[in-house]
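Trainee: Produce the entire structure from the sequences given, and follow the hints as far as they go.
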Amino acid sequence: MPFRLGWRGSRGAIDVLFLAPLTLYILGLTLWPVLSTIALSFQDRRSGSLPTLANYQAVVEHFEFWDALYNTLFISVVGLSLELCLGLVMALCLSVPFRGRGVARALMLIPLGVPTIVSAANMRYIFGTVGYLNETLHQLGLLEIPIDWTSGGARTLMAVVAADLWKVTPLVMLILLAGLESIPGELYEAAVTDGAGAWQRFRYVTLPLLKPSITAALIIRGIDAFRIFALPLTLVGRSTPVLSTYTYFEYVDYQNPYTSAASATILLVMILATTIAYLQIAGTEEVIS
Amino acid sequence: MRPLTYLAMSAMAAFLLIPVYLMVKISISVPGEVFTQHPTLLMHDVTLDHWRQIVTGGMLWPPLKKSLTVATATALLALALSAPAAYVIARMPRGWKYTTLLTLFFTRMFPEVGIALPMAIRFIEWGLFDTDLGLTLAHLVRTLPITAWILVGSFEAIPRDIEEAAGVDGAGHGRTLLRVILPLALPGLTVAALFAWLLSWEEFTFAVFLSLASRTLPLQVYYYVYQGNWFLTATYTTIITIPVLILTYALQRYLKAGTLAGAIK
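Chains as they are written, first to last, in the working numbering: chain A, -4 to 284; chain B, 4 to 268.
FYI, nobody ran anything at the bench for these hints, they're computed from the structure. Where a beta carbon is used, it is the ideal one built from N, C-alpha and C, also for glycine. Take every hint as true, because none was put in to throw you off.
Chain B regions said to be covered by chain A (calculated; three or more residues, Cβ under 8 angstroms):
{"id": "1", "segment": "76 to 85"}
{"id": "2", "segment": "206 to 219"}
Covered stretches of chain B (in silico footprint by chain A; criterion: 3 or more residues with CB under 8 angstroms from a CB of chain A, positions within the stretch not fixed):
{"id": "3", "segment": "20 to 29"}
{"id": "4", "segment": "35 to 43"}
{"id": "5", "segment": "136 to 146"}
{"id": "6", "segment": "223 to 230"}
Mentor: In structure tokens form, the structure reads like this:
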């Protein structure tokens, strides 16, 4: 009997040959590094013996780690909520035809065409001490002494959220807009015939049918928000660590790959747990479409 | 309602455009106009000094060469590794295909710092640290799931009847693939390669973990941000952004939610 892979129509050896490079690459250079990070996090710093919780203990006793955890959660929760609201409003605006809609849509793509590291650098012109935010507030008569928005604290977190909003809201908007455009117009006509007002149409037609797009946007953006790295590193640096940058500082500044691995593992567990929990609630079929 | 919509749209346009405008403006501004208590939004004195310093001062070519080399190698290798697999995945029954694509999606969930950390440690041992090859290998990690995803879509769009007809006409597997499938998949392959190129060109996380002396353009930006040199930062960021903006607009109709999952960061 000729060799077959498990599915109907498989060509056996040829399929194996074709699938092998990608599979081996992902096993060797994605899965294996992730597993070695986990292993490293349980390894003793001096003797190299396994397993030990010493690295996790060192991390949780470090105040900067709690800062990083809090900042990551703050940026994720506040950022995601704002992105979704803004993205939905923008998608609703752009889903109805009006003059200049083409231009508006083209403008929306600008942040997608600006790399994260570039947008982070650009935001320093706005949030710096001699930046444009201070100048605008000064012109409006709201500010006497210039503020350094990137020196730490709640205002720095809000600066990171605002900078991230600039870069990613258009992405959320595009996902939601695609969802809106797939809702058949007849449903709205039927709702109007039944006497539904604008709010009722939104609440009982748009929102339920938009749920798969909202799920997709939440998961895609949620994962990225948890592991946000280039933006906080470039915009605010050490003053406001997040879990990813904390991982980086532990390795590069403190030369400690073990605590770095422990923090990376905590981040990994957070991402996996949140995503799996969300998929359990919302169903997986909706992510791929 | 109408005027309100236009007002909202204008505010949004300003919000979207101002950071990019400031970047270009600062790259051609004299220092006195930027480092002042009250910077102005409009341009007054234009200077090409910062551009001249970078372009003719020999500071552009080394990072540009590294970014170009790594991005091009990443794009070509991404196609070589993911196209054959994508072809097979596209021909799988629905359940298998769905599971495979979901697995690919899951590999995109891992925090990149957790992949970059052991990579950096190993690459130092293997002599791949701070090399073009090492960074290319790392960039493939974030690129392969996306190119595979795009290519599955484009192979799916090629009807099986065409393949079967070629088979009936006596063409073997290899010939059918080369003469029939490959030309039909060419647009998809081009799009995938361009996405891969972009993903590598603008990549920062792996680059900062895996480089020290030989910087890519994004690392050059990070370096000048910490030097506090706004002008060189603005000039380098403008240089990085130009191809990304052009390609984003060229590829906009391929920006589907699935590809967006990881393509744009």
